[in-house]
Amino acid sequence: MSKSVNSIEYDRFRELLRSARISAGVSQADLAKALDQPQSVISKIERGERRIDVVEFVKVARVLDLDASQLIRDFAQTLDQST
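Numbering (the numbering used here), first residue to last: 1 to 83.
These are computed hints drawn from the structure, not numbers from a lab. All clues stand as given, with none of them false.
The list that follows gives simulated cross-link-like pairs (lysine-lysine, BS3-like), each with its CA atoms no further than 30 Å apart: (1) 59 <-> 44; (2) 44 <-> 33; (3) 59 <-> 33.
Assemble the whole structure, with the sequences as input and the hints as a guide.
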């Protein structure tokens, strides 16, 4: 198993995305299909083996029927709580 090379903050961001996907009832396979990507891409993002860029992030939010800007605010709030 490979270890994440990301910061603790990025790990929190990944967990926020994963939780949002699960809460939306969307599988990795379904999300990948909607993004026209292999399921392994979603798995690698969630495991920290691949970073997600802002364009992909917005697409993920749209597939999950979420407001990307609200997700960013939620993420920022988790950072504020940890300081």
